[in-house]
Each structure stands twice: as structure tokens, then as C-alpha cells.
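Participant: Sequence:
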Amino acid sequence: MRHNSRVRPALRGAGTALATLVLVPLAACAGPTEPAAADRGKESQATATDKGTDEVAAYSRELKALERKFDARLGVYAIDTGTGREVAYNDKERFLFASTFKALAAAAVLDKHSDRDMERVVTYDKSDLVENSPVAEKHVDSGMTLNELCDAAVRYSDNTAANLLFEDLGGPRALDATLAGLGDDVTRMERIEPDLSDWEPGNDRDTSSPRALAADLRAYVLGDALDRGDRDRLTKWLRTNTTGGALIRAGMPKGWTVGDKTGMGNNYGIRNDIAVVWRPDAAPLVVAVLTNRHKPGDKHDDKLIADAAEVVADTLS
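Just so you know, the sequence shown maps onto residues -30 to -1, 1 to 287 in mature numbering (1 follows the signal peptide of the UniProt record, and there is no 0).
I should point out that these hints are in silico values taken from the structure, not numbers from a laboratory. Nothing false has been slipped in among the hints.
Derived SDA-like pairs (lysine to any residue); straight-line CA-CA distance at most 25 Å:
#: 1; residue 1: Lys34; residue 2: Gly267
#: 2; residue 1: Lys265; residue 2: Glu101
#: 3; residue 1: Lys269; residue 2: Arg43
#: 4; residue 1: Lys39; residue 2: Asp271
#: 5; residue 1: Lys96; residue 2: Glu118
#: 6; residue 1: Lys108; residue 2: Asn236
#: 7; residue 1: Lys96; residue 2: Asp168
#: 8; residue 1: Lys82; residue 2: Arg158
#: 9; residue 1: Lys82; residue 2: Asp146
#: 10; residue 1: Lys96; residue 2: Glu137
#: 11; residue 1: Lys62; residue 2: Asp271
#: 12; residue 1: Lys273; residue 2: Thr212
#: 13; residue 1: Lys62; residue 2: Met234
#: 14; residue 1: Lys224; residue 2: Asp272
#: 15; residue 1: Lys269; residue 2: Asp41
#: 16; residue 1: Lys269; residue 2: Asp168
#: 17; residue 1: Lys108; residue 2: Met88
#: 18; residue 1: Lys273; residue 2: Glu63
Fair warning: this is a prediction, and the values are worked out from it, not measured in the lab.
Whole structure, please, built from the sequences with the hints as guidance.
Facilitator: This is the structure we're talking about:
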């Protein structure tokens, strides 16, 4: 638990994908057949810009092709936290966030409570159970600690556990306000499970953008929004998540460690994944892939997210 809470945004204003190089003018020292240093600086800047523009065009073509292949809408945001290079495709568009919020709810609960408080037992009864609650349904008689509720919500996407975390925080709007304290002015949280997993095009309830969710996850896992112990606990839950094997994890190279939180909507083939990816020889990546299809009864295909993650890995390697 942090005693001096609320932190500066961790991802707002992160470095762009286009690096520039500007050289100090040394025109007086230039030889008669050598371009002035200022001109060389312009040439270097143009070369870097061209390279960055080419990279954006290349990954955009690949991601657009995936949209066509899977007949889906795709939003991707990824950042190399070491270099600032980005993959950004429909990254500011709104998508239903679905169960990805559970990682952020668990983080907010960790931030709110001491280690001792996290062992407090929360009681509930059968009337509190909602669909997709594989852990909570087994503990109606005994209740669950806040720590256990976070574990169930993140690692098993347990809906009842997530609702109890909402209750502890003061409801969806309270978590919305917590994220605003991180600098997130995009995410809108209004409902609890399972209603928050229903979406209609054009409705902003319970939506966010790939860029905003990546910023929130980065703040909690890699930034200073949590104390070290809480950050380590959240990281462990994400790395041992049981629901993400076919998504971002499937698109990353062998030897890269992924900690993620998945999401799936009740309609429009909504399927999401947000993750931190630790590489053995480079700084971590933060990745958010949000998707939906075009008709209410459409089904999702996990391979869309895996393939998009592969584009991210190839681009930022």
C-alpha cells in the first residue's frame, strides 16, 4: 500500500516511434566539397524520419490485413519501455475493455490496503454469485480474503471475485476515479459483471482504448503506482494467469515472459488481452490488443490477437 498515493502518468507523453537526430551546426569547419554540418543534420533527420515512417507503414499494412482476414476491428498499442518505440494502430479508438479491468481493480485494491488488510476475509452468499465464477463458487461458506479475491479475478477471471473487488473500492466509478489519478481520462467504468461485458456500437460505457489501458498497466507493473511488494504480487498474478495461453503469449518468441489479463465480451466477438512482456536482453514491452467483430452474434478467434502480438514482437525486436 502506498501512503503517498496517486502518481504521475507513466505512459503519457512516451517517446514516439520516429527518432530524430539534430547535429550542431559547424559550417565554418566544413571543407569545400563537404556539406555543412547543419545540412548533414537535416539529412540524418530525414533518414530517421523515413525509416520510422516505413516501419509504421509496414506494421499498419500487416495489422490491416489481419482485420480483413478475421473480419474484425483491431486496436493495438505497444511500447518498448527502453527505447520508446511504439506500435500504434487504432490505438485511441474505444473498445469494450471486458475482463481486462480485473488487473487494474486488483492493483487498486493492493494500493488501498496494507499487507495485513489483504488477509481480511470477505464474506458473501449464493445470491452474490454470477456466471463464470469458478473460484468464488467454491468458497461461499468460508468467504475469501482480499488477496484470494485478487488472485481469482486476475488468474481465473472470476466475475464474482471482481465484483467484490469493485465493492471494496466503492464501485466502478471509484475505480474510474483511481485510474483518472494515474492520468487516464479515457477509460469509463460504469457497470459490474456480467453486464459490463455487453456492448453496443457507439456506446461508451465500460470502454477504453489500447493506449489508455497500456498506460494504466505500465503504471502499476513497471512504474511507481504501487510499492515494490504490491507490484511484485501483481506481477506474479499476471505471469501465472491461466486464461491467456492462446493470446499475446502465443505471439511472442520463446524465452519472453508474458504477464497478461484477458477479456471476452458477451457479444460482437469481443476478445482482448493486455500484457507486460519481459525480454531476456531488452527492456519490457507493454502491449494492449483489443478486438471486436461486426455483428452481435459473431464469435471471436484467439488467433487474431496472437497474430497481432507477433507483428508487435517482429516490429519492436
